[in-house]
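Visitor: Here the protein sequences line up with chains A and B, keeping their order. Everything in the first sequence is counted per my numbering, starting at 1 for the first residue and increasing by one. Everything in the second sequence is counted per my numbering, starting at 1 for the first residue and increasing by one.
Hints should not be assumed to be uniformly reliable.
[What the hints assert, rightly or not] In silico contact screen, one side only, chain B against chain A (beta carbon under 7 Å); selected entries:
1) Ala48
2) Leu50
3) Ala67
4) Pro70
5) Asp89
6) Leu90
7) Ser105
8) Phe231
In short, the hints are calculated from the structure, not lab data. For every residue, glycine included, the Cβ atom is placed at its ideal position computed from N, Cα and C.
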Amino acid sequence: MTSMTNMTTMTTMTTMTTMTTMTSMSKRSIIGIALLVALVLAAVIARLLIGRDPIAGGINFGWPVAEILVLRFGAVQSALVAGASLGLSGLLLQALLRNPLASPFILGLSAGAGLGATAALWILTASGAAAAPWMLIAVRGADGVIPGTIGSLGVLILVYALGRRGGRLDPLTLVLAGTVVATLCGACILLVQSLMPPASRGDSWMWFMGQVPEMPSRGTLFTAIMVLSIAFAASVRSAAALDVASTSDDEAESLGVSLRTLRVMLFVCAGTLASASVALCGPIAFVGFVAPHIARVVLGARHTALVPASLLAGAAVLVWADAIRQSIDIGAGRLPIGVLTALIGGPIFLIVLRSGRSRSGEWRC
Amino acid sequence: MLTLDSVSFQYGHRHALRAITASSDAQKVVALVGRNGSGKSTLLRLIAGLAVPTSGSLRWRGSVLSALAPARRALEVAYVAQRPSLSIDLMAREMISLGRFASRSRLDGAVRIDRAIEQMGLEGLRDRAFHELSAGEQQRCVVARALAQHETNGLLALDEPFSNLDPGELVRVFTVIRQRAKEGALVVIALHDLSFVDQVADTVWWLEHGSALAMGAPSDVLTTARLKEIFKCDFVRGPQGLTIEIRL
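Turn these sequences into a full structure, and let the hints guide you.
Guide: Next up, the structure:
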């Protein structure tokens, strides 16, 4: 019931903020947003109807019994919140870095968040009864979101520094730096997990693949919804500034945008969103990359529309992926969600990589 | 009034500008000239408040522009960069409307944007993707954005805004800029075409290796002897104004 209240609160906040921005939206934007809302609703219905019969086995299409419905509804909640967070995080990163290849997964933010959360858990386990109250609050209170955010922002700062060539951010160097840092974080996560007692490790293999929990922790879900609501409100408020920020630094400053303030605020939002989605579902590949591109195809380049659209597209992609994977039996159970999103997102990434440059050699975003 | 008092600027250890002292009243067109790398673009960035002088002071109507918040500064000065960002997925009209960002609460925004589009002759291109336009059309869009941003008695800092324009468009764009100066603006513009500067500028600031070589009226600054000494080629000043003499 608490989860449903949280969902209602988030939806109300989202709707109110969207209503405010609708006044400055074009007809195309309104139709596009309506289309994405329909896509999300269709995905939710599909996920509620498609499932695996836990008693008889096999794929089950149809309205389930109450016990199963609760589980499917839990998965829908997880996928909606994590997908929306990844979609918005990806949009903010692509806009602020002026890089259409950016996403929380590709730049290593998801891996950094995982490392932060795992390291915090290890410190907490190792310190045992001696753990300070603030440490307990930081790790348990926000279900790993706080240390995860520290990890994701640490990675963002590192990748940002490594991605600069000749004083300018190079899109491909940035992606390369993100991939290497993500690999390093992955290795560190395995190392930290091997240092922990077996009982505390959890199912690291499944976590690495990404998973949409059918019974998400209420605390994690609540934190993720709060993070998403605040980041969404900040992004809507900054949407016009994000349009201006797509020009060069000098142009954006001369047009009236304080880039330093904008970047600090929205990078924190992007890092926290990535961390919240990792706390909820683990690192899920390419949703944060694909969602903003779907939004751009449907609605164009103005961030007034792109902010709610990326959020909706992210939610739609993850819920649809979770619904589709229910019907794919690989013999050893259902296809892991991260594998499916990578299979969809990987080719799209390659298309953008091949076609994303303009005549001037710059990357369009 | 724009005043520069012994303004210097360094990139690391390299001196880009050395002790520039100059001033200009509003309603003027000031042309910045000089060879490539002489410091014109750096001086324009300082004038636009986008960089802080290493030493000296630069004031516009008594205010230090670089000390103002960007949103406040954008109401005082509009700037066109030498190499503006060209790979933007916005439509041409959306791109021009970015000029109203700092004044977006004002109700006359749409009127100002449409006026800038009309002045730059971009009516037929407003719904085209900016990145698909030709180099000259993109340049007119960027100037239109600055015009939409620019307040009547503000400062216009333009870094080679005519480099991709054909003669007809050059005359159109400069006529609008000249009109802005008449209405109360101060226009500071970096240019390479000295014949054009000779015809249209009220004042010329000539930079050489980051220092002010000469300042004054075009006929006093752009002398054929000085031009030959600097550029190692011949110029002729005749009834048609200043022209370059090419001997093949």
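Visitor: Each hint: holds or not?
Guide: Cross-check of the supplied hints:
no. : hint   : in the structure
1   : Ala48  : 6 Å, holds
2   : Leu50  : 5 Å, holds
3   : Ala67  : 13 Å, violated
4   : Pro70  : 5 Å, holds
5   : Asp89  : 4 Å, holds
6   : Leu90  : 5 Å, holds
7   : Ser105 : 11 Å, violated
8   : Phe231 : 29 Å, violated
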